Amino acid sequence: MDDIKSVWSSMKAGEKKRAAMCAEDVDMPATIITGLRPGKTVLLTAGIHGCEYCSIQAAIELADELRPEEVSGTLLIIHIANSSGFKERLPEVVAEDGKNLNRVFPGKADGSKSERIAWHITGLQKSSDFYIDMHGGDLHESMHPFVFIPGVAEDPVTQAAREAAQALSVDMRVRSRATTGAYNSAAILGVPSMLIERGGNGQISRTEVDAYKRDVRSVLAHLSVLPADRLIPPAQRPQQRELDSAVYLEADTEGCWHPCVAPGQPVLQGQSLGEVRTSFGEPCRQYAAERDGRVLYMTVSLAVEKGTPLVAYG
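Going by my numbering, the first residue of the sequence shown is number 82, and it counts up by one from there.
No lab work stands behind these hints, which were simulated from the structure alone. Values in this document were obtained by computation on a predicted structure and should not be read as measured data. Beta carbons are placed, not taken as given, at the ideal position from N, Cα and C, and that holds for glycine. The reader is advised that the hints may include incorrect statements.
[As the list claims (entries may be wrong)] In the EDC-like style, the derived pairs of lysine to aspartate or glutamate whose C-alpha atoms are separated by at most 16 Å in a straight line are: (1) K93 - E150; (2) K98 - E146; (3) K97 - D83; (4) K168 - D178; (5) K194 - D210; (6) K387 - D310; (7) K121 - D108; (8) K387 - D333; (9) K294 - D310; (10) K98 - D145; (11) K189 - D178; (12) K189 - D145; (13) K97 - D145; (14) K294 - E146; (15) K121 - E150; (16) K97 - E151; (17) K98 - D83; (18) K97 - D84; (19) K189 - E96; (20) K121 - D145; (21) K97 - E146; (22) K98 - D84; (23) K194 - D333; (24) K294 - D191; (25) K98 - E169; (26) K387 - E356; (27) K86 - E96.
[As the list claims (entries may be wrong)] With beta-carbon atoms standing in for the labels, derived distance ranges: (28) A369 - E323: 20 to 28 Å; (29) R295 - E235: 26 to 34 Å; (30) R258 - R295: 25 to 33 Å.
Please take these sequences and the hints and turn them into a complete structure.
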């Protein structure tokens with residue numbers, strides 16, 4: 082299949098084409114839709130983490146369902162950014178170098194595999210007016226739906242992302258201070274961006290996939306890329322709470338993780354979040370909330386190593 086950039090540059094209004102390769106061994110299946118009317122160019126990526134299945138399935142279905150005649154502008158949908166991690170069912174990392182793709186942006190043209198994937202995506206971001214990165218809970222993670230917006234960009238970029246995020250049917254919005262994630266990197270370049278989180282546990286939920294697609298369509302309607310009737314009515318959207326920071330609790334020992342909270346659950350300062358036990362079942366480390374908040378996502382696997390993210394809340 083032809084290179085994404087060459088296909089994109091040759092397309093005319095009202096066309097829809099598939100592409101795959103950016104260069105050599107960087108394999109990213111994609112669909113490009115050029116609308117009948119002028120408008121924004123929006124880049125969507127899924128599968129930066131290869132086992133976040135709801136986001137990948139939602140991207141695949143959106144690419145199949147969206148039609149040029151309903152689009153204003155251009156949509157570039159990358160179905161699976163991390164193809165090797167997807168094929169080998171590896172949580173978080175790219176198979177060839179063991180790196181977390183979402184930690185190496187903007188990438189390097191002559192770097193390792195994950196750095197080269199990031200470099201190619203960064204090139205596509207530079208040609209876009211808005212960037213949506215589709216994520217969700219990994220094989221070992223359970224999650225409450227929410228959205229990240231960039232907090233390290235120029236104020237107009239963050240504000241554009243904030244306004245677009247309010248078109249989603251999620252009730253929590255986190256303003257991130259990170260710089261290396263795909264959406265953070267795009268925002269630093271001046272491209273408004275967001276990271277949507279929905280689904281998890283290595284499952285494809287029909288309910289979550291449909292909700293994901295409805296949310297993405299709503300953002301695209303907010304951006305005037307899709308018709309206004311795709312925008313989720315305000316009465317059907319929960320009021321979003323924006324967090325300027327969150328607590329990302331990590332294990333400081335290995336063992337067996339036994340959480341006692343659930344995604345979306347409110348927690349109070351001092352409340353138990355769970356404990357790590359030895360392989361003989363003996364408690365070895367208790368974890369309590371540092372402050373009041375609400376659980377965003379959490380590890381649900383029994384086995385944890387030192388440094389494993391356990392619970393994120395804010």
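Results for each hint:
1. K93 - E150: holds (13 Å)
2. K98 - E146: holds (13 Å)
3. K97 - D83: holds (14 Å)
4. K168 - D178: holds (15 Å)
5. K194 - D210: The given pair, whose Cα atoms are some 26 Å apart, is violated under the 16 Å limit.
6. K387 - D310: The hint is violated at about 48 Å.
7. K121 - D108: violated (26 Å)
8. K387 - D333: The hint holds at about 5 Å.
9. K294 - D310: holds (14 Å)
10. K98 - D145: OK: K98 and D145 at ~10 Å, within 16 Å.
11. K189 - D178: holds (14 Å)
12. K189 - D145: violated (31 Å)
13. K97 - D145: Answer holds: K97 to D145 is near 10 Å, not above 16 Å.
14. K294 - E146: Status holds; Cα separation ~10 Å.
15. K121 - E150: holds (15 Å)
16. K97 - E151: Status holds; Cα separation ~12 Å.
17. K98 - D83: Measuring from Cα to Cα gives roughly 10 Å; hence the hint holds.
18. K97 - D84: It holds: about 15 Å lies between the C-alpha atoms, which stays within 16 Å.
19. K189 - E96: Since the Cα atoms of K189 and E96 sit roughly 32 Å apart, the hinted pair is violated (cutoff 16 Å).
20. K121 - D145: Given pair K121, D145 is violated - Cα atoms ~20 Å apart, limit 16 Å.
21. K97 - E146: Distance of about 11 Å is within 16 Å: holds.
22. K98 - D84: At roughly 11 Å apart (the allowed maximum being 16 Å), D84 and K98 satisfy the hint.
23. K194 - D333: With Cα atoms ~30 Å apart, K194 and D333 exceed 16 Å; violated.
24. K294 - D191: violated (35 Å)
25. K98 - E169: violated (27 Å)
26. K387 - E356: holds (13 Å)
27. K86 - E96: holds (15 Å)
28. A369 - E323: 20 to 28 Å: Since A369 and E323 have Cβ atoms about 25 Å apart, the given range 20 to 28 Å holds.
29. R295 - E235: 26 to 34 Å: holds (30 Å)
30. R258 - R295: 25 to 33 Å: holds (29 Å)
The structure fails to meet hints 5, 6, 7, 12, 19, 20, 23, 24, 25 from the earlier list, while all remaining hints are met.
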